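Colleague: Sequence:
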Amino acid sequence: MTYYLHRISHHAELAHPLLERGILSVAWSGFATREFISSHGAKQWEDVPRAIEQQWGKMRSRFGLQRFLQMNVDDRVVVPSWGTFHVYDVVSDERLIAADLQPARRVAYGSLNSECKCLNDLRDLKTWDGHGVRMEKGQLYEDGDEQRRQIDLGFFRQVSQVAKDIPRSGLCRQRVDCPLESAPDERRDQRHSRKSGRSTRQMG
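Numbering (my numbering), first residue to last: 8 to 211.
Simulated from the structure, these hints should not be mistaken for laboratory data. The reader is advised that the hints may include incorrect statements.
[To be verified] Under the rule of at most 30 Å between Cα atoms (straight-line distance), these lysine-lysine pairs were calculated in the DSSO-like manner:
1) K144 / K133
2) K171 / K65
3) K144 / K50
4) K171 / K133
5) K50 / K65
For clarity, every value in this text was computed on a predicted model and none was experimentally measured.
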């Protein structure tokens, strides 16, 4: 089992409601195609940062997408929130794109489809502002008060909640057997990684 730290900073108004339905998300919708997943998956995702760099330059967050796609079944994801954090297990090796969340896809293949059986799709899904969400040509849009707005969430993973609202303050100091406690060298590496601004980070 590998631990990952995944900070939700992009379109949190929808990313958190999706997470409540067991869907972990990340941005980069401009790269979110089946061809991208197929070609880079065959290379173990090692060239994902280079592909982003060729179009967007050396953005630090390009490594976050690589780690997001590298997650495997039974890997554990820690998602920080305000004063707390949540823990999830990855339950599918499917790397999903926005088009995979369409209700029509679920109806066409049935509830036992291996790619979609954990998804609640977009039915009745709303952002924190109470706006509805729709799919158009494989892209997510928010129906705002005056106009629709494209939502830059491109890749998705199916997860299952292990724990929720764990307080950050003093947890591992109180529990000797805390699985999230790190050795001194690991903590130093993690502090160094935090300075890099990565949205998804491997922990061990």
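Colleague: It remains to establish, for every hint, whether it holds in the given structure.
Modeller: We went through each hint and held it up to the structure:
1. At roughly 19 Å between alpha-carbon atoms, K144 and K133 fall within 30 Å of each other, so this suggested pair holds.
2. Between K171 and K65 the alpha-carbon distance is near 34 Å, which puts this suggested pair outside the 30 Å criterion.
3. Restraint check for K144 and K50: the C-alpha separation of about 28 Å stays at or below 30 Å, so the hint holds.
4. Taking the CA atoms of K171 and K133, the gap is about 21 Å. The hint holds against a cut of 30 Å.
5. For the suggested pair K50 and K65, the alpha carbons sit about 20 Å apart, so the restraint of at most 30 Å is met.
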